[in-house]
Amino acid sequence: MERPYLELSAWQLAIATSLILINGAISALLGLGLGRRLLVAAVRTVVQLLLVGLVLEWVFRFSRWYVVLGLLAVMTVVAGLAAIQRVGFRYPGMWLSSVVSVWASSWLMGAAAVFAIVPVEPWYAPQYAIPLLGMILGNALSGISLGLDRLGEELIGRRPQVEAMLALGATRWEAARQPIRQAVRTGMIPIINAMMVVGIVSLPGMMTGQLLAGVAPIEAVKYQIVILFLIASGTALGTVGVVLLSYRRLFNSDHQFLHQLMKESR
Amino acid sequence: MRAREPLVKACGLRRRVPGGDELLLDDVRLEVFPGERLAITGPSGSGKTVLLRAISLLDPVDGGIIHWRGQPVIGDEVPAYRGQVIYLHQRPALLEGSVEENLKEPFRFAIHRARRFDREHVVALLRELGRDESFLEKPSRDLSGGEAQVVALLRAIQLRPTLLLLDEATASLDPATVAAAEDLLSRWLADAPSDRALVWVSHDAEQTRRVADRTVRMNAGQCEPER
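Sequence lines, in order, name chains A and B. Under the working numbering, the first sequence has 245 at position 31, and the numbering climbs by one with no breaks. Under the working numbering, the second sequence has 177 at position 171, and the numbering climbs by one with no breaks.
No wet-lab data here; the hints were simulated from the structure. As the structure is a prediction and not an experimental result, all values here were calculated from the model. Incorrect hints may have been included.
[Claimed, not checked] Here are a few chain A residues that sit away from chain B, every Cβ distance over 12 Å (derived from the structure):
no.: 1; residue: Ile240
no.: 2; residue: Ser241
no.: 3; residue: Val313
no.: 4; residue: Arg399
no.: 5; residue: Ala408
no.: 6; residue: Ile439
no.: 7; residue: Val440
[Said to hold, decoys possible] Estimated spans, in silico, between C-beta atoms of each pair:
no.: 8; chain 1: B; residue 1: Glu143; chain 2: A; residue 2: Glu478; range: 35 to 43 Å
no.: 9; chain 1: B; residue 1: Glu126; chain 2: A; residue 2: Asn466; range: 35 to 43 Å
no.: 10; chain 1: A; residue 1: Gly302; chain 2: B; residue 2: Arg122; range: 34 to 42 Å
no.: 11; chain 1: B; residue 1: Asp219; chain 2: A; residue 2: Gly307; range: 42 to 50 Å
no.: 12; chain 1: A; residue 1: Lys477; chain 2: B; residue 2: Asp197; range: 43 to 51 Å
no.: 13; chain 1: A; residue 1: Leu263; chain 2: B; residue 2: Asp27; range: 48 to 56 Å
no.: 14; chain 1: A; residue 1: Pro306; chain 2: B; residue 2: Asp27; range: 14 to 22 Å
no.: 15; chain 1: B; residue 1: Ala198; chain 2: A; residue 2: Gln299; range: 55 to 63 Å
no.: 16; chain 1: B; residue 1: Pro199; chain 2: A; residue 2: Gln299; range: 53 to 61 Å
Heads up, the beta-carbon is just placed ideally off N, CA and C, and yes, glycines get one too.
Could you build all of it, start to finish, from the sequences and the hints given here?
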């Protein structure tokens with residue numbers, strides 16, 4: 215039961231875009247000094263989204279598996295690199311741990327989605343594969359980012375305790391277990407919180423989009439439920455993955471804590 | 007007496023400043039024999055702490071090797087080695103929780119799991135250091151630097167190690183407790199002189215004279231015997 219869907223004209227877009235003047239006026243009146251940044255943000259919003267729209271138009275029309283996979287791969291690498299941007303520490307090869315974790319966890323969940331849960335024909339149908347993986351990636355990214363950040367905080371802040379345990383005969387795992395647990399918890403909490411309040415405090419973006427496109431509410435809800443569970447598992451796997459890969463990098467097989475590899479980056 | 011095999015033997019230890027060329031340890035050779043009380047002296051920054059940490063295998067070295075009873079120690083043998091050769095830091099790191107919880111913690115490690123926390127033994131040791139049983143209930147965050155050193159010393163000794171590497175481990179104690187700790191360690195050594203040894207790093211020359219029967223001096227990452 216598809217409902218009519220209203221297409222937007224360039225004029226309508228322009229009206230919406232002009233709303234940025236409200237932000238500009240506030241900045242000017244209160245002397246926030248945000249004018250330049252608002253302008254850049256507004257231009258980036260329009261340009262980036264229009265570019266994505268053009269790329270997607272082309273991919274949707276072309277619809278070959280290698281094109282779709284190529285685009286998904288680019289999205290995945292960008293997500294992996296973006297995940298470490300706001301992390302408060304660095305170690306050599308951290309970007310690789312992040313990319314590997316986001317790749318393995320998101321593609322596993324993406325495969326579960328298009329092969330088992332939403333049996334799409336063909337499996338690479340861009341209309342499904344791209345937004346599904348995109349949503350999984352976006353959340354895995356923030357789980358990885360938060361988990362890594364917390365791991366660094368714990369290992370740098372608790373280095374004396376970690377070393378004291380090693381000095382008393384703890385294995386590297388016994389010494390690092392507490393920081394690892396804290397890091398994984400921190401990475402998983404936002405998605406758990408989101409699942410707690412979903413539908414009560416806010417309507418999730420995908421569901422909102424489907425409603426706007428005229429999909430029956432109960433159908434939109436079903437998709438939202440599926441995607442939330444995919445996101446939750448993807449985030450958990452991505453967070454565990456990046457934390458364990460970092461642990462393997464920061465503790466060597468001689469049970470030494472290679473703290474000198476860690477550099478704070480804030 | 008020196009015909010015996012050393013407990014620990016470090017050969018050609020080298021360590022550079024991470025990311026630099028300056029040598030923290032420059033071809034250090036050191037042997038520690040059973041029954042020995044060895045003091046390592048030298049100015050600040052001469053590499054004493056770096057050497058003790060290298061012997062306890064806490065830091066990777068750029069060259070050289072540590073032999074334990076004639077065998078190199080690698081990989082999964084390292085935790086068991088560290089259970090025998092315990093390094094005590096000048097500012098001990100305690101975990102959250104009470105003193106007793108801190109003392110129990112090592113028994114959760116795989117290498118100590120076969121043994122149990124022996125409360126009576128610990129209380130007896132505490133008495134020797136001028137503390138009573140109630141000390142066990144104290145939260146670790148309320149401890150002074152000296153009290154933390156008492157906990158760290160007990161936490162190590164109760165594990166019946168073979169070699170203790172003491173890095174200014176009594177520097178924050180009051181004089182009476184320092185004397186008690188030295189007595190405790192002397193008796194600990196005398197209990198099994200053929201199987202135990204002590205290495206001290208201390209800035210206190212008086213203490214070095216009291217506790218050591220051999221001294222080596224470190225200078226700019228190199229080790230020179232004094233006698």
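Evaluated hints:
1. Ile240: holds, 46 Å
2. Ser241: holds, 44 Å
3. Val313: holds, 25 Å
4. Arg399: At about 16 Å from chain B, A/Arg399 clears the 12 Å cut-off, so the statement holds.
5. Ala408: Given a closest Cβ separation of 30 Å, the condition holds.
6. Ile439: holds, 40 Å
7. Val440: holds, 41 Å
8. B/Glu143 <-> A/Glu478: 35 to 43 Å: This hint holds: roughly 37 Å between Cβ atoms.
9. B/Glu126 <-> A/Asn466: 35 to 43 Å: holds, 39 Å
10. A/Gly302 <-> B/Arg122: 34 to 42 Å: The hinted range 34 to 42 Å holds for A/Gly302 and B/Arg122, with Cβ atoms some 41 Å apart.
11. B/Asp219 <-> A/Gly307: 42 to 50 Å: holds, 48 Å
12. A/Lys477 <-> B/Asp197: 43 to 51 Å: holds, 46 Å
13. A/Leu263 <-> B/Asp27: 48 to 56 Å: holds, 51 Å
14. A/Pro306 <-> B/Asp27: 14 to 22 Å: Holds, since A/Pro306 and B/Asp27 (Cβ atoms, about 19 Å apart) stay within the stated range.
15. B/Ala198 <-> A/Gln299: 55 to 63 Å: At 56 Å between Cβs, range holds.
16. B/Pro199 <-> A/Gln299: 53 to 61 Å: holds, 59 Å
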